[in-house]
Amino acid sequence: MASVIVHAVYVTAFVALYFIPSIIAFYRAKPSRFRIAFLNLLTGWTTIGWLAAFVWACV
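Counted the way our numbering counts, the sequence shown spans residues 1 to 59.
Think of the hints as simulated: they come from the structure by calculation, not from any bench. Errors might be hidden in some of the hints.
As the list claims (entries may be wrong) - If you anchor each label on the Cβ, the simulated ranges turn out as follows:
| id | residue 1 | residue 2 | range |
| --- | --- | --- | --- |
| 1 | 35 | 3 | 36 to 42 Å |
| 2 | 8 | 47 | 21 to 27 Å |
| 3 | 10 | 47 | 18 to 24 Å |
| 4 | 29 | 8 | 28 to 34 Å |
| 5 | 51 | 1 | 35 to 41 Å |
| 6 | 12 | 42 | 19 to 25 Å |
From the three backbone atoms N, C-alpha and C, an ideal C-beta is built for every residue, glycine too.
Can you build the whole structure from these sequences, using the hints too?
Here you go:
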């Protein structure tokens, strides 16, 4: 049972970190927040795609 909880915590943390650029874009109410979220969803698994979405959300 404990391993299921630990696994759930890891998955939740991974998903939260994966979508950090989207979360930042929506929190800042960026006009291009849906484009950032789309980029993050499709290319966030690559380092370059995630960094591009992150920089776009922060700028």
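How the hints compare with the structure:
1. For residue 35 and residue 3, the hinted distance range of 36 to 42 Å is satisfied, since their beta carbons lie about 39 Å from each other.
2. Here the CB-CB span from residue 8 to residue 47 is close to 26 Å, well matched to the stated 21 to 27 Å.
3. A hinted range of 18 to 24 Å for the beta carbons of residue 10 and residue 47 is consistent with their spacing of about 20 Å.
4. About 31 Å separates the C-beta atoms of residue 29 and residue 8, a value consistent with the hinted range of 28 to 34 Å.
5. Checked against the hint of 35 to 41 Å, the pair residue 51 and residue 1 passes, with Cβ atoms roughly 38 Å apart.
6. For the pair residue 12 and residue 42, the beta carbons lie near 21 Å from each other, so the given range of 19 to 25 Å is met.
In this structure, none of the earlier numbered hints is contradicted; all agree with it.
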